[in-house]
Amino acid sequence: MTALARELAKTRRVCAVGNAPMGAQSLGPRIPEDQESSGSFEWHEWILPPGYAGRFSKVFAPLLARRVGRLTKALRRSTGEWPCVVAPYPYNEPWLALVPECPVIYYNLDDYSLYEPHKASRVAELESRLVHRSERILCLALTQVERFRRQVTDQKRVHHFPLGVMDRFIRPFGNDDVEVRSVVYIGNMEDRVDWRFVAEVASRCPQLKFYFVGDVTPEATPPAEWQQERTTALAMPNVIAVGRVSQADITAWSWKAGVNWMPYKASHPFNIACCPTKIMDYMASGRPILSTSVPECALYPEWIAICDDAVTAAEWLHEQVGADSDSIKINGRIEFAMKNTWIIRAQELNNLL
Numbered sequence: 013m014t015a016l017a018r019e020l021a022k023t024r025r026v027c028a029v030g031n032a033p034m035g036a037q038s039l040g041p042r043i044p045e046d047q048e049s050s051g052s053f054e055w056h057e058w059i060l061p062p063g064y065a066g067r068f069s070k071v072f073a074p075l076l077a078r079r080v081g082r083l084t085k086a087l088r089r090s091t092g093e094w095p096c097v098v099a100p101y102p103y104n105e106p107w108l109a110l111v112p113e114c115p116v117i118y119y120n121l122d123d124y125s126l127y128e129p130h131k132a133s134r135v136a137e138l139e140s141r142l143v144h145r146s147e148r149i150l151c152l153a154l155t156q157v158e159r160f161r162r163q164v165t166d167q168k169r170v171h172h173f174p175l176g177v178m179d180r181f182i183r184p185f186g187n188d189d190v191e192v193r194s195v196v197y198i199g200n201m202e203d204r205v206d207w208r209f210v211a212e213v214a215s216r217c218p219q220l221k222f223y224f225v226g227d228v229t230p231e232a233t234p235p236a237e238w239q240q241e242r243t244t245a246l247a248m249p250n251v252i253a254v255g256r257v258s259q260a261d262i263t264a265w266s267w268k269a270g271v272n273w274m275p276y277k278a279s280h281p282f283n284i285a286c287c288p289t290k291i292m293d294y295m296a297s298g299r300p301i302l303s304t305s306v307p308e309c310a311l312y313p314e315w316i317a318i319c320d321d322a323v324t325a326a327e328w329l330h331e332q333v334g335a336d337s338d339s340i341k342i343n344g345r346i347e348f349a350m351k352n353t354w355i356i357r358a359q360e361l362n363n364l365l
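Residues 13 to 365 in the numbering used here are what the sequence shown lists, from first letter to last.
Just so you know, the hints here were simulated from the structure itself, not pulled from any lab data. Bear in mind that the values here come from a model prediction, so they are computed numbers and not experimental data. Built from N, CA and C at the ideal position, the CB exists for glycine as well. There may be inaccurate statements among the hints.
[As the list claims (entries may be wrong)] Straight-line alpha carbon distances no greater than 20 Å define the calculated EDC-like cross-link-like pairs of lysine to aspartate or glutamate that follow:
(1) LYS85 to GLU57
(2) LYS277 to ASP227
(3) LYS268 to ASP338
(4) LYS85 to GLU113
(5) LYS268 to ASP179
(6) LYS168 to GLU360
[Said to hold, decoys possible] Derived CB-CB ranges, DEER-like:
(7) GLN359 to ARG67: 34 to 42 Å
(8) SER305 to MET350: 39 to 47 Å
(9) LYS22 to LYS351: 15 to 23 Å
(10) THR165 to ARG193: 48 to 56 Å
(11) THR165 to ALA86: 28 to 36 Å
Start from the sequences and build out the full structure, keeping to the hints where you can.
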């Protein structure tokens, strides 16, 4: 969201708001470089206690509505027109109570009912009101586009608006520093990954190294079945758990990969409703990409290979190692990513506005 806001700020005045949970880390926080105010971009960090959008929403909603009201009125004074408000979460809806003049865009990132199933009915109520209020509904995932188009009368209000890629992720043409016999996954080590599938594929490709870059969440006691499967997969001799790396190092991992991998559970509700950030990040590396049949990944058959069973995936990986020098495909992925940067996304949103 911040990347999109910054690009929009190159052509219009933008005020972005981030909510940080109150805690020890919020005492004197260091504002990340991409969230520093500059030029026509303003960043506001609101430190709020747990429950501000849940248990205590009746207390905080009026306060936050007044804050939103002040920001929009300030923007109107500087530009002469009411700003458009982009709301990415259903719980933002009560915050719009004092800005009836402002056009609203609902930027849907996920199926929010999955976050806390016991609150699904409340989420649905808020989302319905936000959908009704919004002039446009942008969805990261095509499955969410289809869901909202079934809910509204004017289907032209709903648009597919997948994640873009930051310029620094785009690999320079001709950069050939690659570890050919490597398969790289970048992301959190959670239940959305099919760990049994990972173990089966790795066991069939002993000559390859499988790097898993990201946080390993602590196991429950007793561990869940998926956590046991993760432990088994990460203990294999050719599987390396790298751990968390800095944002600056993420590009190095995707660029040097023989293959970038998304071994997600295709049937997992989160994976069905999401747009994996790694689609465009991996595309920008130019390297071959392998995924399971997550709906959003299946939209790019020219650039992403889809394999749901271990035998087929292992065979594809064996073939790919020998076809590493396919520069046409490599450059094609990079060129595709260059057409899907956040600069392009901002231009698309400007056209909608």
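Exercise. In ascending order, which of the hints set out earlier in this document are inconsistent with the structure?
Worked result: Going through the list in order, the structure violates hint 8 alone and respects the others.
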